[in-house]
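Visitor: Sequence:
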Amino acid sequence: MKLHTIFILGLLVFTMHAEETHETQDHLKEIAQEYYHLATYTEHAGKKNKAKELYEKSISFDEKNVFAHAKLGSLYYEENNIEQAISHLHQSSRGNSKDPHVHFNLGQCYVKQQEWRGAFQEFQKTITLDPNHERAFLQLGSVCEKLNFHEDAVKAYKSAIEIDPDYFDAQQHLANSLRHLERLGDALEPYRQSHKLQPGNMHIMMDLPNVLNMLNMNHESLELYEKILEKNPNAISALYNFGFTLKKMGLFERALDVYNQVLTKKPDYAPVHFSLASIYLAFGNYERGFEEYEWRWKAYNEETKKYNRPIWQGEDIIGRTLLVYAEQGLGDTFQFIRYLKLLKDQSKHIHIIFQSQDALITLLKRQPYIDQVISRNENPVHCHYQIPLMSLPYVLKTRLESIPANTPYIDPPEDLVQAWTEKLSHDKNFKIGLCWQGNANYSTQTLRRAGALKSINLKFFAPLFEIPGVSIYSLQQITGTEQIEDCPFKDKLITFDATFDQTYGRFMDTAAIMKNFDLIISVDTGPCHLAGAMNIPTWVILPFPADWRWLIDRSDSPWYPSIRLFRQKKEEDWQPVINEIVHSLKQIVGKKNEPCAEQQKVELAPSKSTFQNPTDDQQLFFEQLINSLE
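For the sequence shown, position 621 (counting from the first letter as 1) is numbered 621 according to our numbering, and the numbering increases by one without interruption.
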């Protein structure tokens with residue numbers, strides 16, 4: 001007869017004797033303890049259901065057997081019976097509140113139930129009882145992230161790493177948490193450590209080069225993507241990221257080759273199609289570029305249609321209502337709203353509704369070619385067709401030579417323009433409006449990083465403030481204004497009070513005061529597009545490589561006749577660009593201040609541009625195009 005069977009028979013006899021003779025409580029605890037030992041033996045033998053029965057039997061003789069409750073809690077947790085697990089673990093913690101393992105397991109149960117605050121408390125108790133419990137620190141960090149305590153999460157992960165520097169999960173979680181906080185430079189080291197600990201982990205193999213990519217450490221990023229592809233030539237994401245990095249470096253031809261390799265393996269891979277669009281558009285191949293640009297919806301997993309109406313694809317819409325809705329940034333709206341004017345110029349009988357970003361509603365309501373402007377929170381009463389704003393160039397078959405470049409197509413109220421003329425009448429200097437930072441609040445980290453690369457710290461513009469006869473006004477709003485306080489020339493930068501763009505609506509004062517400036521100097525952001533749309537002389541400072549809309553190696557823009565482009569030659573190297581601007585500005589201001597300056601033409605836009613207002617032939621082309629669309 002097997003030993004454990006003899007043990008069970010003996011235990012049953014002992015139990016019956018105890019029950020018959022009403023032994024003392026101590027004897028019952030002894031019985032409970034024997035059942036507990038038998039249960040642990042049975043559990044180690046892999047018979048977990050039988051072990052549960054024996055733990056329950058142990059508790060029936062001693063309901064305060066904290067060890068049996070703790071074991072049952074763990075077994076019920078493994079079965080995903082979380083309610084029972086919590087019940088037993090609580091029983092255990094009441095009798096043995098100093099056991100860190102019980103609190104840790106309770107925390108795990110609360111994680112299963114997504115009871116984050118309960119889990120937070122239990123992991124804190126675990127760490128208090130056992131300061132070297134690295135798993136508790138790891139779990140505490142994860143719970144802190146769920147509670148949006150991201151800095152606390154970083155501290156917890158670092159504590160786990162202090163206990164065990166080779167703790168892969170803690171290194172990986174720390175890196176991801178720092179990345180979420182957009183502390184990419186800080187995230188780099190834990191990503192490197194994670195890769196060192198598990199060099200074959202595909203998640204880390206992708207995350208590390210992705211962060212290097214965002215930090216513009218492009219060459220190292222490319223090397224790591226190549227290593228992934230050596231191991232797995234069919235790793236589509238790695239191949240795409242390899243091409244994307246080449247594109248970021250301005251190596252467009254090589255990027256095209258890589259993208260074509262991706263499409264050979266997966267023809268419907270939306271991110272590649274959308275990224276191809278920017279290359280073709282940058283080269284001026286608008287036919288192919290705007291076609292590929294339609295993949296943006298699949299690339300971002302969004303729906304093209306907002307309402308139960310057909311998408312306009314060029315059908316005759318005379319006598320019909322067309323809903324056009326804004327997408328992406330404010331600058332995109334300023335640039336492409338011209339197409340509504342183009343449509344209206346061809347037929348007054350097209351009723352156009354524009355669904356706008358709230359910030360632009362007041363200004364756009366003033367434009368006569370838009371019949372109705374509504375917010376994104378409003379639904380149109382009725383429309384026959386709908387179309388996203390940035391699909392209009394595709395539907396209208398825009399080519400480089402047929403861009404509707406007739407500016408201005410946005411006008412501020414004349415009375416507000418005159419009001420600012422009077423306010424600025426005392427300033428006889430050459431007046432410049434300055435904008436140095438783009439939108440820092442984009443919805444995705446990738447877009448925020450792109451916005452940061454387009455922005456320039458205000459301190460770089462110091463040489464402009466040393467030029468005699470120049471007054472510089474800040475057009476910066478919402479983000480970037482905090483830099484003013486720290487810049488050494490803040491007393492020379494003219495700013496506006498809190499009523500600016502508030503009393504009359506967003507961008508109303510900005511548009512009106514721009515009409516009173518001699519020049520706008522701006523990074524690639526909304527105000528430069530507004531200035532271009534109003535045909536105001538504007539110098540746009542572009543990063544390397546620039547966005548597709550500015551094409552390649554040009555100092556003029558076919559979209560805006562009044563814009564001159566200043567291009568960065570190397571990533572994140574702004575000083576040569578500022579030097580070029582300062583040199584050009586000194587020439588212009590010097591000419592203006594020369595005797596008989598009123599008889600001289602001060603050239604602010606590119607001196608040679610093949611793109612002016614549409615000719616009669618171009619206008620006829622537009623008319624024929626609209627009439628022929630079916």
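Please keep in mind that the hints were generated in silico from the structure rather than gathered at the bench. Any given hint could turn out to be false.
[Unchecked claim] Once the Cα atoms are required to be at most 25 Å apart in a straight line, the calculated SDA-like pairs of lysine to any residue come out as:
id : residue 1 : residue 2
1  : Lys515    : Asn379
2  : Lys454    : Asn379
3  : Lys344    : Ala299
4  : Lys341    : Val577
5  : Lys305    : Gln372
6  : Lys298    : Lys344
7  : Lys515    : Asp497
8  : Lys266    : Glu253
9  : Lys298    : Glu287
10 : Lys397    : Asp556
11 : Lys306    : Ala282
12 : Lys423    : Asn439
13 : Lys454    : Lys591
14 : Lys591    : Phe465
15 : Lys428    : Lys397
16 : Lys490    : Val577
17 : Lys344    : Lys490
18 : Lys515    : Asn429
19 : Lys341    : Asn379
20 : Lys428    : Thr446
21 : Lys305    : Glu253
22 : Lys570    : Ala282
23 : Lys428    : Lys454
Visitor: What hint numbers does the structure not satisfy?
Guide: 1, 2, 3, 4, 6, 11, 12, 13, 15, 17, 20, 21, 23
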